[in-house]
Amino acid sequence: MAYPRDEDLYQERILEHFEEPYHRGHCPLATHAHEDDNPLCGDVVGVELQIDCDRVCQAWFHGDGCCISQSAASMLVQAVEGQTIDKIKSMTAADMLALFGARLTPNRQKCCLLGWRVLQAALYSPTTASTDARLPNSLPNERDHDCP
Amino acid sequence: MTALDRSPLDAAALRADFPILATRLHATADDPGVPLIYLDNAATTQHPRQVIQAIVDVYENQYANVHRGIHWLSEQSTDLYEQAREKVRAFINAPGIDEIIFTPGTTESINLVARSWCDANLKPGDELLLTEMEHHANLVPWQQAAARTGAVLRHIPVTDEGQLNLSTLPSLLSERTRMVAVAAVSNVLGTINPVSQIVAAAHAAGALVLVDAAQSAPHTLTDVQALDADFVAFSGHKMLGPSGIGVLWGRRELLEAMPPFLGGGNMIRRVRLDGFEPNELPAKFEAGTPPIVSAIGLGAAIDYLGRVGLAAVHEHELALCRHAHRRLAEIEGARLLGPAPEQKSGIVSFTLDGVHPHDIAQVLDRHGVAVRAGHHCAMPLHKRFGLNATARASFYLYNTLDEVDRFADALLDCRRVFHRRSIHRPI
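Residue numbers (the working numbering), protein chains in the order written: chain X, 1 to 148; chain G, 1001 to 1427.
One chain only, chain X, in its complex shape (with noise of 0.2 Å):
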């Protein structure tokens, strides 16, 4: 049997970030987070969020899970960072899968779009830590702070 092949799930580029992930821990001044499971495999992902000027300064993740799910995760918050939430917000499940590149069957694609399930609703869930906490539903935007 051929192995590894290109298309395989557990290829290089996806053992890497589940061996030595990326921003694996918490954000030391997250203004944002959020977390939740699959309760059908129970893969927890959680993400916290240093949101500032309407753009992602930090992204950190947490979680046990899967190669797939903590992966994922990994990749996403390394690929959020620096960009304007407006970017985050357009991004979509397609996107995600895109991102993680393995073709992967339905199941196991929810094990993959979890962290980006959590990363959106991170955006609209202020840290109560956070001196920023508003609205569950607002964002900091511009008119908030003195931006650059």
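Keep in mind the hints are simulated off the structure, nothing from the lab. All residues carry an ideal CB built from backbone N, CA and C; glycine is no exception. Worth double-checking, as some hints may not be accurate.
What the hints assert, rightly or not - Quick list of simulated restraints, FRET-style, between CB atoms:
hint : chain 1 : residue 1 : chain 2 : residue 2 : range
1    : X       : Glu-20    : G       : Asp-1030  : 32 to 38 Å
2    : G       : Gly-1033  : X       : Asp-64    : 31 to 37 Å
3    : X       : Gln-83    : G       : Pro-1157  : 46 to 52 Å
4    : X       : Ala-93    : G       : Ile-1020  : 31 to 37 Å
Using the hints, position chain G against chain X.
The following block gives chain G in isolation, referenced to the frame of chain X:
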């Protein structure tokens, strides 16, 4: 291989009866792929040609609706359907053929009792006694019944070894206990539960007993009279039969006293605009057109199992289970759930340190090995062991020792994939 690994079955010969087992997976133009190793039998089993042919024969020669037509074809179809019922009766040694209710599966069999018997008999404060190791299908219908009636749910705990802790029975059973529902075999741990002992204790307390035999009926002899239970439920698709057919056996006097579950055709004797009279057993509980062809297919599966012999099937699975336990014990980080092979059915649930069960199943699939990964519809049991998910290999009469070896070798590859750094990078 030891003397204990000897099986009374010639599994290699039986495999010729199962067309799907010749499948090769992941083949490409320059790669012949790998043979299918089907180890997901606790979820559902494959079909021998004899069952497939019986189904084809009905559709090609005898199919019509049952119990309705005066015409010749309906008589043929009805005869075959009722012959299947008689085969089921003999299979579980039930006293009467009209105590055999055909249902779509174990889940609906249990729901039938939980809805019909519970709603007619339970009052607030009555108790239903379940166990921590039940499949969701033997938890949720009783939770729903408790919510409707005000009854209280209690549970027999599971020990760290994966056995029911029966020392708790005296404190859990009381005159308030009305029904005890227990799996004969755990679909996760494989544990063979002491059902006769539970039945005796429950009856002494005045409670009825429903046995979820979904994981036991395909693998060991079921004798409802020796078991002395009040209801027994199982499915056709876990015993070489088609999906969509299951059985509820109940004591005649209980079934006769229970109101119908679903309303519709066949379950009535007479209908007026303002009411109805229910039919006799078993039609009373078979509303609508039943799964005619699936029932006939189940009859063919029972014929096949009868020729092989369930005692031999059990011995064969024990040999596979012993071999699997021995091989997994040699794999670093592999942890087995449940008791020793001698105390369980052919189910091997396990975890591999540092690898999520979904990833285990995915890597095994690259090797052609089909196992289940997840909570196997038993979330409370997984919580009891502090786990979100496990991987599960489950055997049947067509599996071989060679397949168990390939499964174990694939697990070693799984370790290689996920522990590269511990291998290549000394800490």
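Problem - Hint numbers contradicted by this structure - result: When the structure is compared with the hints, none of them turns out to be violated.
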